[in-house]
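One-letter residues, chain by chain:
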Amino acid sequence: MTVHLKITRRLMETIRRDLSRPHPFAYERVGFISAGLSSADDELSVLARSYRTVADDDYLHDPSVGAMMGPDAIRKALQWAMSDGLAIFHVHTHGGRGRPGFSGIDLREQAKFVPNFFQIAPQCPHGALVLSNNSAHGHIWLDGDKPCEVITRFVEVGSPLNTWSAA
Amino acid sequence: MSRFDRQSFLGADSESKLHAATLGLVGLGGGGSHIVQQTGHLGIGGYVLVDPDHITETNTNRLIEGTLADLKAATTKVAIAERVIRALQEQPRIIPVNDTWHNATGELKRCDIIVGAVDSFKEREQLERFARRHLIPYIDIGMDVHDLANKTYLIGGQIILSMPGKACLRCCGLINEERLALEANKYGAAGGRPQVVWSNGALASAAVGLIAQLLTPWFTEPLEFIYLDYDGNRGTLIPNDRMELLRNKVCPHHPSEETGDPLFDVREFNRVTADLALRKVKLASTIAPISFWKKPWAVIARILGR
Numbered sequence: 001m002t003v004h005l006k007i008t009r010r011l012m013e014t015i016r017r018d019l020s021r022p023h024p025f026a027y028e029r030v031g032f033i034s035a036g037l038s039s040a041d042d043e044l045s046v047l048a049r050s051y052r053t054v055a056d057d058d059y060l061h062d063p064s065v066g067a068m069m070g071p072d073a074i075r076k077a078l079q080w081a082m083s084d085g086l087a088i089f090h091v092h093t094h095g096g097r098g099r100p101g102f103s104g105i106d107l108r109e110q111a112k113f114v115p116n117f118f119q120i121a122p123q124c125p126h127g128a129l130v131l132s133n134n135s136a137h138g139h140i141w142l143d144g145d146k147p148c149e150v151i152t153r154f155v156e157v158g159s160p161l162n163t164w165s166a167a
Numbered sequence: 168m169s170r171f172d173r174q175s176f177l178g179a180d181s182e183s184k185l186h187a188a189t190l191g192l193v194g195l196g197g198g199g200s201h202i203v204q205q206t207g208h209l210g211i212g213g214y215v216l217v218d219p220d221h222i223t224e225t226n227t228n229r230l231i232e233g234t235l236a237d238l239k240a241a242t243t244k245v246a247i248a249e250r251v252i253r254a255l256q257e258q259p260r261i262i263p264v265n266d267t268w269h270n271a272t273g274e275l276k277r278c279d280i281i282v283g284a285v286d287s288f289k290e291r292e293q294l295e296r297f298a299r300r301h302l303i304p305y306i307d308i309g310m311d312v313h314d315l316a317n318k319t320y321l322i323g324g325q326i327i328l329s330m331p332g333k334a335c336l337r338c339c340g341l342i343n344e345e346r347l348a349l350e351a352n353k354y355g356a357a358g359g360r361p362q363v364v365w366s367n368g369a370l371a372s373a374a375v376g377l378i379a380q381l382l383t384p385w386f387t388e389p390l391e392f393i394y395l396d397y398d399g400n401r402g403t404l405i406p407n408d409r410m411e412l413l414r415n416k417v418c419p420h421h422p423s424e425e426t427g428d429p430l431f432d433v434r435e436f437n438r439v440t441a442d443l444a445l446r447k448v449k450l451a452s453t454i455a456p457i458s459f460w461k462k463p464w465a466v467i468a469r470i471l472g473r
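Chains as they are written, first to last, in this note's numbering: chain A, 1 to 167; chain B, 168 to 473.
These are computed hints drawn from the structure, not numbers from a lab. Note that CB positions come from ideal geometry on N, CA and C, so glycine has one too. Do not take every clue at face value.
[As the list claims (entries may be wrong)] Pairs of lysine to any residue, SDA-like flavour, derived with a Cα cap of 25 angstroms:
#1 A:LYS146 with B:PHE431
#2 B:LYS416 with B:GLN380
#3 A:LYS76 with B:ASN265
#4 A:LYS112 with A:ASN162
#5 B:LYS447 with A:CYS148
#6 B:LYS416 with A:TYR51
#7 A:LYS146 with B:ASP428
#8 B:LYS289 with B:GLU350
#9 A:LYS112 with B:LYS289
[To be verified] Some but not every residue of chain B turned toward chain A, in silico, with C-beta under 10 angstroms:
#10 PHE171
#11 HIS186
#12 ALA187
#13 LEU255
#14 ARG277
#15 LEU328
#16 GLY332
#17 PRO429
Work out the full structure: start from the sequences and follow the hints.
So this is what it looks like as structure tokens:
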């Protein structure tokens with residue numbers, strides 16, 4: 001099985017711009033991407049639609065991590081998934097260039113909250129992305145009760161097309 | 168030395184990028200057949216070739232590589248296109264679909280770029296909508312010969328790069344309700360429209376240029392929306408007046424909320440992939456076992472480290 005994530009360059013630039021804004025106290029920003037889906041045999045395409053930033057007030061003070069979302073941030077994202085029936089992906093950036101990777105804290109936190117999305121939008125996969133300034137890496141859950149998978153291939157849709165694989 | 172040395176300016180890894188790309192080509196007549204030939208030379212490795220028709224006598228004035236022998240054999244346009252590509256490349260990935268594109272949506276979803284060289288406005292609009300829904304850049308080419316009376320004719324055409332999120336064929340004014348209604352009323356009575364090989368070739372060449380810009384980084388400032396007008400009488404290809412006006416327009420006709428299959432359900436997808444995996448396991452288990460004399464030989468070879 002392969003999972004492709006496609007996103008327009010315009011949307012990717014919007015996300016990078018938003019995530020690079022300084023926060024009053026958190027070291028980094030986070031947000032959520034909504035996506036439509038399409039499949040052909042055992043190939044799944046995650047097609048990014050829009051982006052919502054996490055509001056300044058929805059961060060918790062936690063100097064041990066770059067950014068800690070409060071319960072309101074997750075509640076709003078869950079509400080979005082429920083009302084629009086969408087796939088939701090948590091997103092943050094590590095900056096720099098080249099292929100980024102999740103930190104141990106990222107992996108621990110995403111394993112806690114991403115499966116919750118299946119309680120309210122079980123018809124969609126959900127996941128988490130980490131960006132650099134020219135690449136991305138991601139995890140996707142196809143079932144809330146099973147481990148996540150690595151997103152196989154990314155396509156930034158613009159001119160020229162920018163594609164990269166997880167391997 | 169590679170056969171692509173003369174196009175190495177396209178970028179250090181352009182050869183592998185072009186080979187890895189998959190192009191969806193809908194319509195393999197006058198315009199599409201030129202694109203097939205040129206992209207085969209360019210080195211694009213993957214193709215979904217879609218056309219429901221076979222070659223007819225009136226195609227032979229412009230269908231590239233469509234021969235009189237093909238006419239006699241009633242060869243499909245898809246088969247002609249596949250033959251052209253296989254003559255130019257050693258291991259192309261070709262999915263031929265001798266049917267309408269509506270029956271090739273699974274294959275077209277996987278394409279990096281879709282090119283439409285179809286006749287009707289209705290088909291163009293539907294194909295563009297499909298491409299937008301799957302975040303695939305769509306290139307549309309079209310030409311017409313207009314009778315200006317007094318035995319004077321104007322050959323005109325256009326090429327549009329329709330990038331998801333940017334201006335679309337409706338934004339360009341190429342498709343509107345009036346044209347669609349006019350076309351619907353003429354349906355079945357319009358007959359064959361005039362077409363000539365050189366104007367098809369001019370438009371197709373420009374389309375292949377756009378494909379190269381989309382897949383390789385050779386051009387430093389590629390545009391994401393392109394609308395060019397072809398004047399076959401003057402032999403010019405120039406930006407349409409709307410191109411600058413629409414450059415940064417966000418398309419209202421294909422909102423991002425329409426992206427994806429509206430009825431997609433991951434639980435059904437999981438069931439399908441589990442079935443496919445099971446079938447692969449069963450297929451592997453039906454492969455004939457190693458014959459009795461090869462088994463001890465394999466053991467001996469392993470011991471001997473051979």
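Determine which of the earlier numbered hints do not hold for this structure and return their numbers in increasing order. Hints 3, 4, 9, 10, 11 and 13 not satisfied by this model.
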